[in-house]
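Q: One-letter residues, chain by chain:
2 protein chains.
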Amino acid sequence: MKADDVKKLQQRKYREQLGHYLVEGEHLILELMKAAIFQPHLANAQLFITENYADWVHQHNKLKLRVTIIGHKAMSQIADTQTPPGIIAAVPFAPVNGKEAAHAAHSERAIYLHEIQDPGNLGTILRTLGWFGGFRCLLSPGSVDPYNPKVVRASMGAIFHVPFEQNVPLDTVQERYPRIACLDMQGKALRENSFHNYDCYVFGNEARGVPREQLDELNATAFTITGGGAIESLNLATAVNICIYELRR
Amino acid sequence: MKADDVKKLQQRKYREQLGHYLVEGEHLILELMKAAIFQPHLANAQLFITENYADWVHQHNKLKLRVTIIGHKAMSQIADTQTPPGIIAAVPFAPVNGKEAAHAAHSERAIYLHEIQDPGNLGTILRTLGWFGGFRCLLSPGSVDPYNPKVVRASMGAIFHVPFEQNVPLDTVQERYPRIACLDMQGKALRENSFHNYDCYVFGNEARGVPREQLDELNATAFTITGGGAIESLNLATAVNICIYELRR
Chain A
1 MKADDVKKLQ QRKYREQLGH YLVEGEHLIL ELMKAAIFQP HLANAQLFIT ENYADWVHQH
61 NKLKLRVTII GHKAMSQIAD TQTPPGIIAA VPFAPVNGKE AAHAAHSERA IYLHEIQDPG
121 NLGTILRTLG WFGGFRCLLS PGSVDPYNPK VVRASMGAIF HVPFEQNVPL DTVQERYPRI
181 ACLDMQGKAL RENSFHNYDC YVFGNEARGV PREQLDELNA TAFTITGGGA IESLNLATAV
241 NICIYELRR
Chain B
1 MKADDVKKLQ QRKYREQLGH YLVEGEHLIL ELMKAAIFQP HLANAQLFIT ENYADWVHQH
61 NKLKLRVTII GHKAMSQIAD TQTPPGIIAA VPFAPVNGKE AAHAAHSERA IYLHEIQDPG
121 NLGTILRTLG WFGGFRCLLS PGSVDPYNPK VVRASMGAIF HVPFEQNVPL DTVQERYPRI
181 ACLDMQGKAL RENSFHNYDC YVFGNEARGV PREQLDELNA TAFTITGGGA IESLNLATAV
241 NICIYELRR
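Chains as they are written, first to last, in the UniProt record's numbering: chain A, 1 to 249; chain B, 1 to 249.
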């Protein structure tokens, strides 16, 4: 990929056209290098660096990822952050493997996010899924792009590890994950043992909550994180993270 | 307060000088109005609105908060957000009541945040504390300003409810909260019953973690959120929120 194309990866439509996304900065690139040892598609990532990163790359680039040296001006045009990092990678999308996805239900549970909008929320959720392991993340149509640079940054490298799928319609989930739970304002308490008995956990959009009618059709069981305080609702990422913790407790 | 002073409230030094902070937008102002019923200092908040908000204010301003109508240009200069909300309030700081703080130990537990930097993290933590109730939030010197507009926004109104204190040195905490726990990478599992036996829970900065030496002097017991995944660490707000959930489970 040419440096000119790389800056287009700021935009979702070009990411999807080119099948690549941006990873910025030393810390994330190190995570990428570690993950690439076990995930061959990541070894096709391409590094773009400014001159001053030459030694650093020489020291860390054990897998011999392809490296292109560019000027500071070109770097600041590519980067999403206000202070350009000096090192950036164009990374191929994770392969979407139909079979793997179909079989996933036997070994993993799923977190289904309905029209999640905030990149920071999705990044934090991926990070938590990466921390605990054992979950697949399903995104509904109309969700934020998981390859958005803000999501990638907030995921702190989890984007390389957590299996996720985009554009999954809610009504197709039950074929793979028969028993469905959802988080809602009125439901059973989370600490009930039965909370553990489901294959897929559905969370609604930040503002509008869960799609109640669709969930009724799927016979989804509603659970609630019981509060007693003065506030209307929890942050979406907080609710998801607490549920993941409860399931892995 | 004059409209000219209000825009200065974007800056921490003026907030501290004037003892007021900004609250932007319909949703937060409604939360402010609800909270003001029980908290007299909030009834001294002053609303600044553009003409088109006159009817809305007429309908909702039951407590007769002082209202000033300003132009769209003045509004966009005051507001922190890119799309000015049309309604904004200058709100007095919560009273710092020494006695109340001293007595708090008898009825509340505390979350101590050491040099927390990210306003989104602090806002989300306050929101979670507001949801569950029963905690006081203590901020170390060098922490982000809880009256920062980004914190206020992410708190979703919890800023009006959760008791908090700024500039609390870690070595003064034990007088009020004798039994201290901290979250660290190596400690007992969170689900152990003994996790509930503490008065104050200390969390470190986003990048540097907890101040281990100081905590050793306080005989703090370390706990860990056990993960098994591929990621180095949890997001700070996620770790705090999971602990709060566990304590209120």
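No lab work stands behind these hints, which were simulated from the structure alone. Treat each hint with caution, since some may be false.
Listed below are the simulated SDA-like cross-link pairs for lysine to any residue, each with C-alpha atoms no more than 25 Å apart in a straight line [claimed, not checked]:
(1) B:Lys188 x A:Asn205
(2) A:Lys64 x B:Ala230
(3) B:Lys150 x A:Glu108
(4) A:Lys34 x B:Pro95
(5) B:Lys8 x B:Ser143
(6) B:Lys34 x A:His196
(7) A:Lys188 x B:Val144
(8) B:Lys150 x A:Asp118
(9) B:Lys7 x B:Ala43
(10) B:Lys188 x A:Glu246
(11) B:Lys64 x A:Ala230
(12) B:Lys150 x A:Lys64
(13) B:Lys150 x A:Glu206
(14) A:Lys150 x B:Lys188
(15) B:Lys150 x A:Asn205
(16) A:Lys34 x B:Ala43
(17) A:Lys150 x B:His196
(18) A:Lys150 x B:Gly209
(19) B:Lys62 x B:Asn44
(20) B:Lys188 x A:Gly134
(21) A:Lys150 x B:Lys34
(22) B:Lys150 x B:Gly133
Q: So which of the earlier hints does this model not fit?
A: When the structure is compared with the hints, numbers 1, 3, 4, 6, 7, 12, 14, 16, 17, 21 turn out to be violated.
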